[in-house]
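Trainee: If you want the building blocks of each chain, they are given just below.
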Amino acid sequence: MNLYEHTIVIKQDVGATQIKKLTEKYSKIVESNDGNIVQTENWGLLNLSYIINKNKKANYIHFKIKGGKDIIKKLEKNESLDQNLLRYMTVKVKKFDLETNYFAKKEEKTKKENNKN
Amino acid sequence: MLKKKRIQNKKNRQSNFSKLSIFQNSKYKFKKSCPLSVKGAPTIDYKNVKLLKKYTSENGKILPSRITNVCQKKQRELSLSIKRARNLALI
Chain A
1 MNLYEHTIVI
11 KQDVGATQIK
21 KLTEKYSKIV
31 ESNDGNIVQT
41 ENWGLLNLSY
51 IINKNKKANY
61 IHFKIKGGKD
71 IIKKLEKNES
81 LDQNLLRYMT
91 VKVKKFDLET
101 NYFAKKEEKT
111 KKENNKN
Chain B
1 MLKKKRIQNK
11 KNRQSNFSKL
21 SIFQNSKYKF
31 KKSCPLSVKG
41 APTIDYKNVK
51 LLKKYTSENG
61 KILPSRITNV
71 CQKKQRELSL
81 SIKRARNLAL
91 I
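So the protein lines, in turn, are chains A and B. Take the first sequence: its letter number 64 is residue 64 in this note's numbering, and every next letter is one higher. Take the second sequence: its letter number 83 is residue 83 in this note's numbering, and every next letter is one higher.
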């Protein structure tokens with residue numbers, strides 16, 4: 001049972017409801033092939049460091065998947081057909097670190113600052 | 001006795017090499033330790049953009065380990081994660 005970190009980059013002008021639909025669609029693919037999703041992170045709308053086919057910003061979804069290698073093959077086959085996705089990337093990892101979320105800090109930080117002042 | 005000698009020999013060869021790099025100002029020249037393999041060092045990860053940005057130049061090039069004083073093992077991990085972050089347009 002390998003551990004994969006799978007991130008997808010979704011186009012800018014896709015609504016929040018559609019993002020949810022996309023995440024459910026891909027998590028269903030993973031679950032149907034007897035893999036399980038350990039964690040999903042929504043990194044939100046981030047500025048791209050370079051323009052990917054006319055998009056300056058993009059939504060990032062990050063999955064932490066545990067399962068065999070055929071899951072990734074199926075997942076990427078569907079993702080290459082999908083129009084809304086700009087990029088997808090899977091990384092085989094030895095172990096997950098589930099606590100640190102580098103991209104959620106901004107919200108937590110602003111929350112902390114609000115409490116302070 | 002012979003083994004000990006060889007280790008000493010290896011050590012000062014490294015220090016001569018670091019003296020050669022003209023870019024480093026004198027404060028860093030004698031700094032032996034690699035900043036990433038210290039105990040409390042942050043983990044190298046393609047998501048950890050803040051750390052990766054420290055080891056790239058302004059226009060996004062990977063700085064050589066001769067300048068950033070990073071050991072070879074960490075430099076390989078760094079360059080791999082920087083390339084992954086570039087692919088995801090994070091850097």
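No lab work stands behind these hints, which were simulated from the structure alone. Worth double-checking, as some hints may not be accurate.
[Claimed, not checked] Result set (BS3-like, lysine-lysine): computed pairs, CA atoms no more than 30 Å apart in a straight line:
#1 B:Lys39 / A:Lys57
#2 B:Lys39 / A:Lys95
#3 B:Lys83 / A:Lys25
#4 A:Lys54 / A:Lys94
#5 A:Lys69 / B:Lys54
#6 A:Lys73 / B:Lys83
#7 A:Lys54 / A:Lys66
#8 B:Lys73 / A:Lys57
#9 B:Lys53 / A:Lys95
#10 B:Lys74 / A:Lys95
#11 A:Lys57 / B:Lys54
#12 A:Lys64 / B:Lys54
#13 A:Lys54 / B:Lys74
#14 A:Lys20 / A:Lys92
#15 A:Lys11 / B:Lys53
#16 A:Lys56 / B:Lys73
#17 B:Lys83 / B:Lys61
#18 A:Lys66 / B:Lys61
#19 A:Lys28 / B:Lys74
#20 A:Lys69 / B:Lys61
#21 A:Lys11 / B:Lys61
#22 A:Lys69 / B:Lys74
#23 B:Lys53 / B:Lys39
#24 B:Lys74 / A:Lys64
#25 B:Lys54 / A:Lys11
Trainee: Could you run down the list of hints and mark each one as holding or not?
Mentor: Status of the hints after comparison with the structure:
Among the hinted pairs, Lys39 (chain B) with Lys57 (chain A) is inconsistent with the structure: their alpha-carbon atoms are about 37 Å apart, more than 30 Å. With a C-alpha separation of about 20 Å, the suggested pair Lys39 (chain B) and Lys95 (chain A) falls inside the 30 Å cut-off, and the hint holds. Using a Cα cut-off of 30 Å, the hinted pair Lys83 (chain B) and Lys25 (chain A) holds, with the two alpha carbons roughly 29 Å apart. Between Lys54 (chain A) and Lys94 (chain A) the alpha-carbon distance is near 35 Å, which puts this suggested pair outside the 30 Å criterion.
For a cut-off of 30 Å, the pair hint linking Lys69 (chain A) to Lys54 (chain B) is broken: about 34 Å separates their Cα positions. At most 30 Å may separate the alpha-carbon atoms for a hinted pair to count; Lys73 (chain A) and Lys83 (chain B) meet this at roughly 22 Å. Between Lys54 (chain A) and Lys66 (chain A) the alpha-carbon distance is near 34 Å, which puts this suggested pair outside the 30 Å criterion. Proposed proximity of Lys73 (chain B) and Lys57 (chain A) is contradicted: the alpha carbons are some 34 Å apart, above 30 Å.
At most 30 Å may separate the alpha-carbon atoms for a hinted pair to count; Lys53 (chain B) and Lys95 (chain A) meet this at roughly 24 Å. Taking the CA atoms of Lys74 (chain B) and Lys95 (chain A), the gap is near 18 Å; set against the 30 Å cutoff, the hint holds. Between Lys57 (chain A) and Lys54 (chain B) the CA atoms are separated by roughly 23 Å; this keeps the pair inside 30 Å, and the hint holds. As the CA atoms of Lys64 (chain A) and Lys54 (chain B) are separated by approximately 27 Å, the hinted pair is consistent with the 30 Å bound.
About 35 Å separates the Cα atoms of Lys54 (chain A) and Lys74 (chain B), which puts this hinted pair outside 30 Å; it is violated. Between Lys20 (chain A) and Lys92 (chain A), the direct Cα distance comes to roughly 25 Å. Compliance with the 30 Å bound is thereby established for this hinted pair. Note on Lys11 (chain A) and Lys53 (chain B): the hinted pairing holds, with a Cα-Cα distance of about 25 Å set against a maximum of 30 Å. Simply put, Lys56 (chain A) and Lys73 (chain B) have alpha-carbon atoms about 34 Å apart, too far for the 30 Å limit, and the pair is violated.
Between Lys83 (chain B) and Lys61 (chain B), the direct Cα distance comes to roughly 10 Å. Compliance with the 30 Å bound is thereby established for this hinted pair. Between the alpha carbons of Lys66 (chain A) and Lys61 (chain B) the distance comes to roughly 34 Å, so the proposed pair goes past 30 Å and is violated. This hinted pair does not check out: Lys28 (chain A) and Lys74 (chain B) have alpha carbons roughly 37 Å apart, beyond 30 Å. Under the criterion of a C-alpha separation no larger than 30 Å, the hint pairing Lys69 (chain A) with Lys61 (chain B) is inconsistent with the structure, at around 33 Å.
A distance of roughly 27 Å separates the Cα atoms of Lys11 (chain A) and Lys61 (chain B); the hinted pair therefore holds under the 30 Å criterion. With a C-alpha separation of about 28 Å, the suggested pair Lys69 (chain A) and Lys74 (chain B) falls inside the 30 Å cut-off, and the hint holds. Proximity of Lys53 (chain B) to Lys39 (chain B) is assessed by CA-CA distance (about 21 Å); at most 30 Å being required, the pair is judged to hold. For the proposed pair Lys74 (chain B) and Lys64 (chain A), the alpha carbon gap of about 24 Å is at most 30 Å, so the pair holds.
Annotation: proposed proximity of Lys54 (chain B) to Lys11 (chain A) holds, straight-line Cα distance about 28 Å (limit 30 Å).
Comparing the model with each numbered hint stated earlier shows that hints 1, 4, 5, 7, 8, 13, 16, 18, 19 and 20 do not hold.
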